[in-house]
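> This is what each chain is made of:
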Amino acid sequence: MQDATPALPLRATVDREVTGARVIAGSVAVLVIALFLSLSVGATGVTLSSLPRAAWGAIQGSTDPVLAREQLILLGIRLPRTILGLFVGAALGVAGTMMQGLFRNPLADPGIVGVSSGAALAAVATIALGNGLFLPWTRAFGVYALPFAAFLGGFATTILLVAIAGRQGQMMVGTLLLAGIAIGAIAGALTGLIAYASDDRELRDLTLWSMGSLSGASWPKVVAILPFALLVLIVLPKVIRALNGFLLGEAEAFHLGVDTERIKRLVILTTAAAVGAAVAVAGVVGFVGIVVPHLVRLLAGPDHRFVLPGSALLGASLLLVADVIARMIVRPAELPLGIVMAAVGAPVFLHLVLRRGIGGVE
Amino acid sequence: MKLGRHAYVALCLAGGLAAAAALAGPARAETVVTDSGGRQVRIADASRILSIGGDITELLYALGAGTRIVAVDTTSQHPPEALKEKKSVGYMRALSAEGVISVDASLIIASDRSGPPEVVKALKAAPVPYVEVGEHLDAEGVVKKTRLVAGIVGLEQAGEELAARLEREFAGLAAMRSRITRPARVLFVLNAGGGRVTVGGGGSSADAILKLAGAANAAAGVSGFKPLSEEALADLQPEAIVTMRRSGGNHDTDQLLAVRGMAATPAVVARRIFSMDGLYLLGFGPRTPSAALDLMRALYPDLPWKREEPTR
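Protein chains in written order, with this note's numbering: chain A, 1 to 362; chain B, 1 to 312.
Among the hints, a few may not be true.
[Claimed, not checked] For the chain B half of the interface with chain A, some residues (derived, Cβ under 10 Å), not all of them:
no., residue
1, 94
2, 102
3, 173
4, 177
5, 181
6, 201
Everything labelled a hint here was simulated from the structure, so no lab data went into it. C-beta: ideal position from N, C-alpha, C; glycine also.
Can you build the whole structure from these sequences, using the hints too?
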């Protein structure tokens, strides 16, 4: 990742821009296909051709049972699930890119700032203590007690991390990384303690949650993640230049005019919020955050003008396709999403490592 | 003569109605049942049932409604035909909304332990009637569940027969329990893999079946199914141990015997370790009194048992 010097001949720069643009265009096409698949494929065999009929029936308020079933499947189950999948995939892809760019570490993933471990801790606590210590919480939020707790846990952990690492007024990236590992370990230990003290049924719920799934998708959840999706969209263009600068090193970026402290805070907090929300609605889904940025860099080079949007698009596509596989491969049952992602992502990752070496620069 | 004619008309009407009722057969009128969660559910057609929960599937087969089941979940392991012949919607706590709808059931009878909660919520709001059946770990609970499920599928008569039989069997169990002079201290081991021994503590289904069999739960101090340390296990000093039989031999018993803390316990010394089928023992379905009886026979061979036909 030590390229991007200003001394390239003009031709190479233009070529790179064209490649980058092509990759983005290709990613958009892949996403459209993935969206189409996610909406039209399902265990019931209802296809998108029923959509106009179902939508019209919904508007008219018809009570025809066949129409009602199609409405339920397309608009009540698949559509919110697709939107959530789109958000989760894009958020994880973007967060992974930002973390890899900020820490200049090709193995960084969104969880490196403690979001995933904090969210997992909060979720496990809610599952195990939901009928005990956390009963008022469960009563207050009902079905949403778990996602809300997961989000708060993830976000709070990152805030804690930022507070620890930024104590001297300046946030050292090295400190951030190490403190992140330490906090992650503490959260992991607490999670393990709680899991050890839970009974058989709670343990099963815990395990299932930590394997990730979009099966709990619903419209209220879609509404809940909208502000985070907006946040990511707003922040994305602002950090492109900064992350490109970071490619050279933090001091060099500073000299290039990047407000490094502000950018660090912005990137970390955005990651915490977006990934917190993603984990809250889908549980722990690995591989998107780590593999997708490398895939995009392999195709389009390290310029964040292309890698950031590309990761969002490709991350969403990968997740949606994995979700379709998860729901179809053992229908009418369903596999946890995280398992399919790992099964699909791990070979891809291995291929990357063997073929190109991690770094992915052309 | 007038009386005669009126009586004749009345008889014809009655006869006609009776004939109509007889011809109506399984096509029942729409009924409204109140499920365990207090919800009123309108059921028009109980001919294609999705059964979620091993105990519910067992009950349906026992009531003779097995042919009406179109799909089950993975905990429905008895009778063996259930999982072999019917479609499976997966593990009961990891249901898929679209998957459940795709089996095209006209009625869903689900244990209240089904999940995840958002999917259950979505299914309750879906057009297919969803009836929740609660889990009650005692004799009255099992009988009540039998009558509830029978009422849901319109087999009230079969339900009454089964419920009456269960009540008789539970009464027989209670009578035998009163003959026990000193309850045995029994430990229920759920699994004993990798050095971790998980036991059935107070409030668990294991605790409930031990109570029915007239035993004292050695692990009553813990709550639910929990792993215990070696020291804690040795401290319990059980006189007998009940484990779950698994396919492929008594793996758990071997593992258990390998735990040092267990070696000195009266149960291991006297080799009083019994393996029984998990669903049979803990399912709290129609085989419950029979399971409790088998356990009681194993624990108290010296009670005045009548010479009867062997139970399953």
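> Look at each hint and say if it fits the structure.
Hint check results:
| no. | hint | result |
| --- | --- | --- |
| 1 | 94 | holds, 5 Å |
| 2 | 102 | holds, 4 Å |
| 3 | 173 | violated, 26 Å |
| 4 | 177 | violated, 27 Å |
| 5 | 181 | violated, 33 Å |
| 6 | 201 | holds, 8 Å |
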